[in-house]
Amino acid sequence: MTLVATRPGTGEARPYTFPEIRRVSVRGGTVIAAHLPGQLLASAMLMLDAGAAHEPDGREGTATVLAKSLEEGTATRDSAAYALALEGLGAELSPSVDWDSFRVGVSAPVPLLLDAVRLAAEAARTPRLDPADVLRVRDDEVTALRMDWAQPGPRADATLRSDLFGTGRFGRPLHGDPASVAAVTVADVLAFHRSWLLTPGVLLIAGDLDTLDLAALGEAAFDGTTATAPAAGGTLPWTTRDQRRVILVDRPGSVQSTLRLGHRAPERANPDYVPMTLAATVLGGAFTSRLNHLIREVKGYTYGIRGSYAMSRRFGRFEVAAGVQTAVTVPAIVDTLGEIDRTQVDGVTEDELAVARSWRAGQLSVEMQTPGAIVGALGTLVLHGLPDDYYPAVRREYLEATVDQVSAAAAAHLNPKGLTLVVEGDAAAFRDELIAAGVGEVVDAEI
Amino acid sequence: MTSPSAPVVTTGYPWPIETTRLANGLRVVVSADRSSPVVCVNLWYDVGSRHEPAGQTGFAHLFEHLMFEGSVHVRKTEHMRLVQGNGGSLNATTNPDRTNYFETLPAEHLELALWLEADRMGGLVPALTQETLDNQREVVKNERRQRYENVPYGDAWLRLLELLYPPGHPYHHATIGSMADLNAASLDTFKAFHQQYYAPNNCVLTVVGDTSKDEVFALAEKYFGALEPVADIPPAPSGHLTGPATTPVRETVTAAVPAPRIYLSHRTHPFGTAGYDAVTVLATILGNGRGSRLYQRLADGKRIAQPDYVGSYGVDLAHAAAPLIITATAKDGVDVAELEDGLSEVVASLVTEPVTEDELSRAKALLTTAWWRSMSTVGGRADTLGRYATQFGDPATVAYRLPQWLAVTADDVTEAAAYALKPESRVTLTYLPEDDK
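Chains A and B, in that order, give the protein sequences. Mapping of the first sequence onto the UniProt record's numbering: position 213 corresponds to residue 213, and the numbering continues sequentially without gaps. Mapping of the second sequence onto the UniProt record's numbering: position 215 corresponds to residue 215, and the numbering continues sequentially without gaps.
Possibly wrong hints are sitting among the right ones.
To be verified - Straight-line alpha carbon distances no greater than 27 angstroms define the calculated DSSO-like cross-link-like pairs of lysine-lysine that follow:
hint, chain 1, residue 1, chain 2, residue 2
1, A, K299, B, K222
2, B, K422, B, K302
3, B, K213, B, K191
4, B, K191, A, K299
5, A, K299, A, K417
6, B, K191, B, K76
Honestly, the hints are just simulated from the structure, not real lab data. All figures in this text were calculated on a predicted structure; none of them were measured in a lab.
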């Protein structure tokens with residue numbers, strides 16, 4: 001044999017560092033910047049406290065329609081001229097909406113970033129919002145949502161969300177559904193802009209700060225802003241359930257079943273964030289996690305299955321997601337429940353936790369190489385009020401977490417007996433088998 | 001507004017590149033960059049679905065899965081556990097041209113990654129079992145269902161390849177393969193596949209990041225140096241084509257799709273040629289971004305195409321004329337014939353209405369940003385170096401691509417359109433919703 005039989009040891013690790021962070025206050029706003037010496041591209045993101053949570057009931061999707069309307073012309077140029085100006089810099093606008101914030105991102109070669117930020121601010125602060133354009137964008141968004149909802153997944157996601165969060169904004173899809181977007185009016189979009197997009201917010205920058213002028217970038221981003229930022233809403237109340245629900249979303253002829261299993265969980269600020277994340281990593285976060293190992297590598301039921309906590313500022317939830325072959329829908333569900341249950345009852349082992357710890361810690365280096373990734377990391381600091389030394393600190397917490405801490409988090413924050421199981425697929429092919437399996441009362445989705 | 005001009009670009013690769021070749025033929029490429037404490041190890045094997053004979057479609061890709069299932073000194077699933085369990089990200093992909101394997105790790109685990117890659121290059125066959133093959137065959141069939149069968153328009157690429165390339169051409173069949181061929185796959189075929197193609201002299205090993213030439217060359221010799229080369233590796237069937245197709249082809253699919261959609265496609269030039277550089281710029285002018293002709297004229301303008309689903313792009317294949325794909329999806333109430341007329345008109349305009357200076361500089365600016373974005377990670381750089389070493393014999397040629405895009409003229413674009421986008425060479429694939437039957 002010509003191979004080296006012995007697995008090599010580990011070389012000397014360099015100490016972990018997050019890029020140096022600088023702050024500049026200008027015109028009522030704050031620029032928060034990370035220094036990436038030598039990077040040829042730079043990224044900027046204007047982050048405003050204007051998330052989808054502010055949308056009125058029945059008009060879910062208002063912020064998304066606004067985001068998509070920003071490039072339909074500004075106070076000083078029409079949409080074609082705007083596209084040419086921005087794309088002529090090699091930049092493209094990425095407006096996005098999540099539950100907690102409204103973000104307008106842009107990347108460009110370092111010498112062009114200031115002009116790109118000026119254009120991004122022009123669209124965010126002074127969009128033309130001509131009524132005919134807004135209505136057209138709204139109608140296009142309704143069509144786009146119908147396109148999206150023809151894929152497997154979005155209907156299952158909406159069904160799970162509705163079951164976990166009930167009526168009201170948080171029980172509705174983040175970007176609305178075709179009916180709620182169709183109900184959005186021009187007045188809704190104008191009001192959302194007036195109320196939420198004229199606050200200064202923060203400008204996040206990642207790039208070579210030896211070249212970038214942070215004060216000038218801030219002036220471009222905050223020019224003309226007046227309003228003051230609103231206070232963030234409190235966390236949503238919730239209770240633990242003690243019964244499972246199984247909800248079928250019919251997709252006749254589907255060759256796979258889309259599984260979404262979930263329950264409510266604490267929000268991001270809870271003190272168990274690190275052990276919860278590690279517990280979810282052992283259960284369903286990494287390739288060798290319990291779920292992927294059993295459902296993919298042993299049983300061959302799926303191309304991939306994952307489990308995770310999503311924790312935002314005001315709420316959290318646990319979710320397992322997978323697509324499984326139709327014929328094995330029920331055995332896949334039974335096996336998945338078994339692994340969640342085992343993790344909740346028995347906790348994790350040292351071998352599994354060792355993988356999860358190192359993976360989470362290493363990803364803080366491996367997945368944070370680009371200006372775009374660093375801007376995203378700055379956004380997390382701002383959104384959750386975390387200190388500048390957060391990343392080195394959380395890395396240490398990952399590496400120091402014990403089996404007892406992580407097992408305790410799994411015991412406390414996994415609730416296999418209170419799960420909602422949404423199954424989107426060819427219901428006729430597995431309904432009877434699913435009922436017979438007795439995993440919970442089976443009902444049909446109203447969607 | 002002040003308008004500083006973009007920096008003048010004289011190279012697309014301002015980092016060092018060092019190369020060597022081991023006695024067994026393994027080519028080793030190193031590009032040191034110590035700005036982040038991470039390192040990427042990337043291997044390009046010069047084998048893809050273009051090498052598959054009839055009846056064995058999907059084998060190169062299924063084989064890629066088997067490479068993660070253990071080798072002589074690595075137990076089943078241990079490869080994944082060791083890479084992720086040391087903080088790394090990893091994956092592999094197969095396309096018509098080649099198969100690549102890559103992992104990015106904290107730099108102190110470089111040697112581990114090289115050991116893992118050497119073990120599965122030189123020691124896979126003894127560890128291959130029927131159980132593993134059966135399991136991964138099911139996983140791949142689920143991948144096929146998830147990506148191609150269970151999503152609207154998911155099989156467009158599979159259909160386009162068959163329409164673009166004649167039967168027997170190495171690009172005629174899709175990499176994912178057919179269910180029937182996957183079901184018929186035998187263990188011995190895969191053992192032979194590995195012994196034939198997974199040889200040091202059929203591979204480029206690239207390492208980028210927090211390391212040095214001396215360290216990588218020494219470790220490459222230590223772990224790969226004693227592996228035996230394979231003599232006379234058979235080349236893939238010839239991909240030679242006499243030029244663009246001379247007869248238009250049309251296929252209409254009625255399926256569970258939410259709206260009518262059209263794909264127009266043409267064979268153009270192979271990736272890496274001056275002709276394909278012009279096609280890359282052309283595709284950006286035609287269909288990339290809100291300032292593109294398709295967006296301006298069909299999404300805006302006539303308002304017959306859905307703005308989120310209009311665009312054009314080349315598929316960067318190097319061993320035969322590569323496809324350009326142009327697509328649009330009808331807005332509610334728009335007739336599919338009207339959409340096709342609109343698309344054809346915009347494509348024809350590339351010949352009849354010369355590309356303006358503004359259009360050209362917009363496209364080049366977008367391509368410049370896209371290039372630097374792909375170079376912003378050690379993984380992106382390693383894969384690009386591996387490509388240029390494998391396909392063009394010298395990784396240093398990577399430096400020319402961006403300057404060559406930037407040297408494309410309006411006349412080059414017109415010429416590329418006149419050559420490749422003729423109506424008589426066009427493949428038209430149309431999807432209609434079942435309700436429209």
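Handout entry: Violations among the numbered hints, reported as their numbers in ascending order
Key = 1 and 3
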